[in-house]
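There are 2 protein chains.
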Amino acid sequence: MRLKGIIAAAATPLRADRSIDLDRLVAHCQRLVALGCDGINLLGTTGEATSFSVAQREAAMRAVAKAVPLQKLMVGTGAASLADAARLTSLARELGFAGALLLPPFYYKGITDDGLQAYVEALIETAGAEGLRLYLYHYPLLSGVPYPVEVVARLFAKYPAQLLGLKDSSGDMGYAEAMARRCPGFDVFPSTEAGFASPVAGLFAGCISASVNVTASLVAEGRKDPAVLAQGVAIRNALAGVPLIPAIKWALADLTGDETWRRIMPPLHPLNEDEIRKLGAALHETRYETLAPLFRR
Amino acid sequence: MRLKGIIAAAATPLRADRSIDLDRLVAHCQRLVALGCDGINLLGTTGEATSFSVAQREAAMRAVAKAVPLQKLMVGTGAASLADAARLTSLARELGFAGALLLPPFYYKGITDDGLQAYVEALIETAGAEGLRLYLYHYPLLSGVPYPVEVVARLFAKYPAQLLGLKDSSGDMGYAEAMARRCPGFDVFPSTEAGFASPVAGLFAGCISASVNVTASLVAEGRKDPAVLAQGVAIRNALAGVPLIPAIKWALADLTGDETWRRIMPPLHPLNEDEIRKLGAALHETRYETLAPLFRR
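Those protein sequence lines, which keep their order, are chains A and B.
Using numbering that gives the first Met the number 0, read the first sequence as starting at 0 and increasing by one per residue.
Using numbering that gives the first Met the number 0, read the second sequence as starting at 0 and increasing by one per residue.
In short, the hints are calculated from the structure, not lab data.
C-beta atoms are modelled at their ideal positions from N, C-alpha and C, and glycine is treated no differently.
Each statement offered as a hint is correct.
Simulated restraints on C-beta separations:
(1) B:Asn271 <-> A:Ala196: 43 to 53 Å
(2) B:Ala54 <-> A:Gly130: 20 to 30 Å
(3) B:Asn271 <-> A:Gly184: 26 to 36 Å
(4) B:Ala229 <-> A:Gly184: 57 to 67 Å
(5) A:Asn271 <-> B:Arg222: 41 to 51 Å
(6) B:Ala226 <-> A:Pro147: 40 to 50 Å
(7) B:Arg222 <-> A:Pro159: 51 to 61 Å
(8) B:Lys157 <-> A:Asn271: 17 to 27 Å
(9) B:Ala280 <-> A:Ala177: 32 to 42 Å
(10) A:Ala160 <-> B:Glu124: 44 to 54 Å
For reference, chain A alone in the conformation it holds in the complex (with noise of 0.2 Å):
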């Protein structure tokens, strides 16, 4: 049981209250699995998890881990409070997710390495070591604490059982690389299916990616044909063009016709007429539109 592969970063649909729609959440996860996912990143960054309370991100938990292969999922449970991240963590273990993907605590920043190390110590301190399935989640531009290479290797030595892995959303591939190298046998996950396509795809366990909401049955086709992987990172290239986590949600809406899925947690908000329409013309390029077909079933 270890997650490899196409991770979906699995958006979150919202009911009108600004609640998560477990129903739709659970749909979602099971579409995305059924179109080729090796596994799905519940509640990551582009699940809005960080915009959620605990309880709210415990129910969706509970909901998708009775209707998804629990190998195949990996839930974020990252959060500014030491309490509340370990608490997810722990749930996460109980429930028999394949891995919790752990943000660094985001709201101080110039957190220095000693105290970043001491702060994931504390985590697996207070969750307890045993059973924990810990990925580290790198995103240095959204939590303004990276997790450099060396207090990453320094854990691994220190919990070779319980840390597997980590997500990096740097989009910096030298230091996915470096990452990868450092520490064999700990499983780095670049935040594009463009790493497929990477001349050291090999050093990766896979990819952890928001796009795959959309381009799914491109990327599984994609890993044998090249010419088809190509395809999913031009979709990707083009929703990146705009606000990339707006942009998934307003293409699941327009893929399924279902508009509930344009909801969004404030801070972030729905793509103004503007992006929709700079979004729509870079989707035509691509093959986007052969896509629908899939979301309607």
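Chain A is fixed; fit chain B onto it per the hints.
For chain B alone, kept in the frame of chain A given last:
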């Protein structure tokens, strides 16, 4: 009931298990009032609010609300999650706090003005506008999300009864001045007691300061005597020469003789030996050593 003057951003004492030491917190807040503070900002950045769960923050709010006059109490209620921030803000109203200090949501970055405004409006709508006493908390260095003056002006125009003011921790006195001039009747609090010596001090409602945990008595006397205020500012400058929050906790341990004050939530960590030497040397040049009797009572 309007907060004014010298407001201490109270540090939060911890038990050995990293929970909030409620008895010591209450005693510390009471001492700050006795030393001349006009108000207490509970659970701000100095108070490590975001490092605690909602339940931990609620318990601290309830304990202090019973022990300190409510018209002197402000409390940080910001959180990455809208639901958490709304719940804490509602509790501040229910308990009768004179103010709730609201960080912007601080995980996502590159937030648009419209997204930020929509978040504050959603917070007010979720908590219910009636009886809210909100202060915005501008600390872009940590939150990564500034409150632009024009966004604040729009919100103040829409919610003049709910939005009472803003704490400016940017360190940019130009921002504080622009904010105060743009919105007459809206209370702006710079984050340092040095603001009282500013040529535009009359524009401000007071200060909300971390170092007042240590310098309260000097700043209180300093409102009438610039030479004494300068002594307080000199101590602040010494504390700010090393990581400020651990420095405040070190000084409280040193002044009270209670070593438990050095405890701090990861990812922050206690001052190391080099930092303590540097801070000690800097404080030796100030009136710091005369303060100890006030903390031993």
